[in-house]
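There are 2 protein chains.
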Amino acid sequence: MSQNDAFSAIDRQDCLRLLAKVPVGRVVYTRHALPAVLPINFSLDTDSSVLLRTSPDSDLVRAIDGVVVAFEADEFDAATRSGWSVVVTGRATVVTDPAEHDRLRETGPTSWMPQRETVFVRIASEMVTGRELRGTPGPL
Amino acid sequence: MSQNDAFSAIDRQDCLRLLAKVPVGRVVYTRHALPAVLPINFSLDTDSSVLLRTSPDSDLVRAIDGVVVAFEADEFDAATRSGWSVVVTGRATVVTDPAEHDRLRETGPTSWMPQRETVFVRIASEMVTGRELRGTPGPL
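Chains as they are written, first to last, in the working numbering: chain D, 1 to 140; chain S, 141 to 280.
Worth flagging that the hints you see were computed from the coordinates, not collected in a lab.
Small disclaimer: the values here were computed from a predicted structure and weren't measured.
Don't take every hint at face value.
Claimed, not checked - Examples of chain D residues toward chain S, derived with CB under 7 Å:
#1 Val24
#2 Tyr29
#3 Pro35
#4 Val37
#5 Ala70
#6 Ala78
#7 Ala79
#8 Ser85
#9 Trp112
#10 Glu126
All residues carry an ideal CB built from backbone N, CA and C; glycine is no exception.
Can you make the complete structure from the sequences, with help from the hints?
Below is the structure:
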């Protein structure tokens, strides 16, 4: 399942359609010079950027504001050995415009974690790639 | 769901127990100086290292052999807004010892992708961290 050429590629529009189906993805970044990954709720904005909702004093915000990150979501089914994964790569920026912040409080992602204060982080969908695994028969 | 302090931490033994429940995780690394993430089948070895099975000529092997990577697995339930995630951070190395390779062909991970040739990659479980989200009531 790791050979890129054994997946079939998913085009950008289908990638975005699949992303919209799932409530949790994973932001991939660097923390203290080590690779880091954190599951997080998200939604897609009207321009197809990925929106995260978190706490303004979180380690995540400090680590990713202004930095190129990857954001991954997937769904796999062990019974059929099939599934898909999508990766969005782009610059993450904290939303600082008050009107934009207010708009996202209404229309942006919710979080499964209660937050005293909220900040939104936008990941530009500069590069969107996806792979589909159609399933292989039985155990090897 | 992104505030580290709002999760409860999972100890190393429980992290390894949870990892053993799922067939797919995500290897997190750097490719062409950008953050990269790839879903992949895995298993745990007897020493609790993470074992991947892939093709010897894959981009992944070239990118991670000898490098510190992160490996993440999780399970979330949208209905209860609960779940867990575990991250193993450590050096990835291709298994080159023929006896070890033969042992892993018998006891190591299988892959959902057919592979003409197989190489095993071991990620040392130098740092194992996990977080559990117990669920929050209804939509915010």
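Quick rundown of the hints versus the structure:
no.: 1; hint: Val24; result: holds (5 Å)
no.: 2; hint: Tyr29; result: holds (6 Å)
no.: 3; hint: Pro35; result: holds (4 Å)
no.: 4; hint: Val37; result: holds (4 Å)
no.: 5; hint: Ala70; result: holds (4 Å)
no.: 6; hint: Ala78; result: holds (5 Å)
no.: 7; hint: Ala79; result: violated (10 Å)
no.: 8; hint: Ser85; result: holds (5 Å)
no.: 9; hint: Trp112; result: holds (4 Å)
no.: 10; hint: Glu126; result: violated (10 Å)
In summary, the structure is inconsistent with hints 7, 10 from the numbered list given earlier, while agreeing with the others.
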